[in-house]
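Novice: Take a look at the letters that make up each chain.
There are 2 protein chains.
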Amino acid sequence: MPLDTSFPIPVARSVADLRKIVFGWRRAGERVALVPTMGALHAGHLSLSEAARAQANRVVVSIFVNPTQFAPNEDFERYPRNLGSDIEKLARQGFVGLVYAPTAAEMYPNGFSTAIRVAGVSEGLESAARPHFFGGVATVVAKLFMQAQPDVAIFGEKDYQQLLVIRRLVRDLDIPVEIVAAPTLREHDGLAMSSRNAYLTAPERKIAGFLNTVLGEVAAAVAGGKSPSEACNTGRARLLKLGFAAVDYLEVRDADSLDPIEMLNEPARVLAAVRLGGTRLIDNAPVLPKAD
Amino acid sequence: MPLDTSFPIPVARSVADLRKIVFGWRRAGERVALVPTMGALHAGHLSLSEAARAQANRVVVSIFVNPTQFAPNEDFERYPRNLGSDIEKLARQGFVGLVYAPTAAEMYPNGFSTAIRVAGVSEGLESAARPHFFGGVATVVAKLFMQAQPDVAIFGEKDYQQLLVIRRLVRDLDIPVEIVAAPTLREHDGLAMSSRNAYLTAPERKIAGFLNTVLGEVAAAVAGGKSPSEACNTGRARLLKLGFAAVDYLEVRDADSLDPIEMLNEPARVLAAVRLGGTRLIDNAPVLPKAD
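Note that the protein sequences, when read in sequence, are chains A and B.
In terms of the working numbering, the first sequence is residues 36 to 327.
In terms of the working numbering, the second sequence is residues 36 to 327.
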C-alpha cells in the first residue's frame with residue numbers, strides 16, 4: 036500500500052509503511068513517541084500528543100477503532116469516525132509527523148487467533164460491564180507497540196484502569212516501551228473530555244458535569260477520614276439524585292494495584308462509570324492521604 | 036546482577052545484562068539469532084545453534100526451564116538441569132556469544148499476571164493432554180523475544196505444533212522476529228533427539244526408535260493414496276504391538292494450519308505422542324503429495 040500523502044500529514048495504512056518511516060527516524064537517532072487513539076479526536080487527545088511532543092522529537096498518532104474491544108451490543112458501528120477532520124486537527128498542532136491509520140484487514144488478517152489477557156488490574160470495574168474490553172485493548176496495544184516500536188507511548192488518566200492494564204502488560208511481557216500517563220482534560224464544568232460526550236443530549240450534557248464534582252466529594256470525604264464504602268454509598272445516592280440513570284460502579288481502589296481498600300493507607304483512586312440516557316461515561320479522581 | 040563470567044561463555048542472568056550485550060551488537064550492525072531452550076542440551080539443540088549461526092553473526096542461547104508450561108502433574112521438578120555442562124557443550128561449538136539463563140524471579144516477578152493464548156493451531160494434539168502447555172510457551176517465547184529483541188529465532192521441527200504456534204504468535208502480534216525452522220536430529224535408529232529420552236530404560240530405549248519408523252509408514256501409506264484415518268488406525272495398532280504403552284494421538288494434519296484432513300491435497304504432517312513407561316515421546320514426519 037503506498038503512503039497516503041493526500042492529507043496534510045503523511046498517513047501510513049500498513050505496517051510496512053509505518054516501519055519504513057519510524058525506523059528511518061530511529062536510525063537517525065531520534066526518539067519516537069506513539070499516541071494510540073480511536074480517532075474522533077478532541078482537545079483531550081491533542082493534549083496527549085502535546086505530552087508526546089514533550090517526550091520525543093517524533094510523534095506518531097495511531098487512529099484505529101478496534102473492533103475487538105467492543106461487545107456485540109456496544110457502539111462499534113456508531114462510534115464516531117472522521118479521519119479527514121482528525122488529521123486536520125493534528126496538522127494544526129504542527130508537530131505530528133505521521134498518522135498511522137491501519138485497515139482492519141491489516142490489523143486482523145484472516146486466521147488471526149492470538150489474544151493477550153492481563154489478569155489482576157483488569158478485573159472488576161470496567162470489566163464487570165465489558166468482560167472482553169481489556170483483552171481487546173491489551174492485544175491491540177501490544178500489536179501497535181510491535182508494529183511501530185516507539186520509545187515511549189502516551190495514555191490518558193481518563194481511562195485509568197486501562198492505563199494500569201497497559202503498564203502491567205508492558206512490564207509482564209518486557210515490551211521495550213516507556214509508558215507515560217497524561218492528566219485528564221476537562222470541560223469548564225469538569226466533564227472529562229471523551230468522544231462519547233458527542234452522544235449526550237443538551238439536558239444530559241448539563242447533568243454530566245456533576246460526575247466529576249461527585250468524584251471530588253468522595254475523594255475529599257475519604258481523604259478526610261470517612262470509610263471508602265460509606266463515602267461511595269453517599270456518592271452513588273448523590274449521582275442518582277442529580278439525574279444519572281444508573282451507576283455501574285463507584286469505588287475507591289488502591290491507585291497502583293486497583294485492589295479494593297477499606298482504609299486509606301496508600302495513594303488511592305475513586306473510579307466511576309455512570310449511565311446517562313444511552314451513553315456510558317467513566318471518570319476517576321485521585322485520593323491523597325492528608326499530610327498531617 | 037553482574038554478568039556471570041565464571042563460565043567459558045558469558046552468562047546474562049537479567050534482562051538488563053542481556054540487552055546491554057545484544058543492543059551493543061545491534062548498534063554495531065550485527066545480526067543476532069536467538070535459540071530458546073530449556074537446557075539439558077543434546078546434539079539436537081546444538082544443531083539449532085548451528086542453524087542460528089548460518090542466519091546471523093551473533094548467537095544467543097537462552098536456557099530457562101519454564102514453569103508455566105508444565106502442569107502440576109508433569110515433570111517440572113525432575114526435568115534435567117545442568118547449566119555448567121550445557122555451557123561447556125555450547126562453548127565447544129566455538130561461536131555462541133552469550134548464554135541467557137534468567138532466574139524464575141526475573142521472568143515472573145511478583146504480580147506477574149499476563150498470558151498469551153494462540154487459538155487454532157494450538158488446539159488438539161499436544162493440547163489434549165497438556166491444555167496449558169502452549170499458553171505457557173507462547174507467553175515465555177514472547178517475553179524472550181521482547182527481552183532479547185533478536186533478528187531471527189530458531190525452533191526445531193521436532194516440536195512441530197509448537198513451531199506453528201510460534202509462527203502464528205509472531206504473525207498475529209507483529210513481533211519483529213524472523214522464525215526459522217530446523218530439521219529434527221535423530222539417533223541411528225531414528226529416535227528424535229529429546230531431553231526426555233534420558234528417562235528411558237534400556238528396553239524402552241530399544242522400542243522408542245520404532246516411533247519414527249511407524250510415522251514413516253503412515254506418511255508413505257497416505258502419500259500412496261490410503262485414507263489418513265485408515266493409515267492412522269493401522270499405525271496405532273502397530274505402535275501398541277511394538278510395545279508402546281499408549282498412543283496419546285497419531286494423526287495426519289494439514290502441514291500449515293494443522294486442520295484435520297480427509298484427503299491429501301496439500302502438504303500434510305503425521306504427528307504422534309506415545310507413552311513408554313513413565314515417559315511421553317512426541318515426533319512427526321512430513322507427508323508429501325506424490326508427483327505423478
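The set of hints was computed from the structure by calculation and includes no laboratory data.
There could be a bad hint or two in this list.
[As the list claims (entries may be wrong)] From the derived model, a few chain B residues whose C-beta atoms are all more than 12 angstroms from chain A: (1) Arg54; (2) Phe58; (3) Glu85; (4) Glu141; (5) Ser148; (6) Asp209; (7) Arg273.
[Unchecked claim] The list that follows gives simulated cross-link-like pairs (lysine to aspartate or glutamate, EDC-like), each with its CA atoms no further than 16 angstroms apart: (8) Lys124/B - Glu158/B; (9) Lys193/B - Asp39/B; (10) Lys276/B - Asp291/B; (11) Lys193/A - Asp209/A; (12) Lys55/A - Asp39/B; (13) Lys55/B - Asp209/A.
Virtual Cβ for every residue (Gly too), placed ideally from N, Cα, C.
Novice: Indicate, hint by hint, whether the structure satisfies it.
Specialist: Okay, the hints, checked on the actual structure:
no.	hint	result
1	Arg54	violated (8 angstroms)
2	Phe58	violated (10 angstroms)
3	Glu85	holds (28 angstroms)
4	Glu141	violated (10 angstroms)
5	Ser148	violated (4 angstroms)
6	Asp209	violated (4 angstroms)
7	Arg273	holds (34 angstroms)
8	Lys124/B - Glu158/B	violated (35 angstroms)
9	Lys193/B - Asp39/B	violated (31 angstroms)
10	Lys276/B - Asp291/B	violated (31 angstroms)
11	Lys193/A - Asp209/A	violated (25 angstroms)
12	Lys55/A - Asp39/B	violated (38 angstroms)
13	Lys55/B - Asp209/A	holds (15 angstroms)
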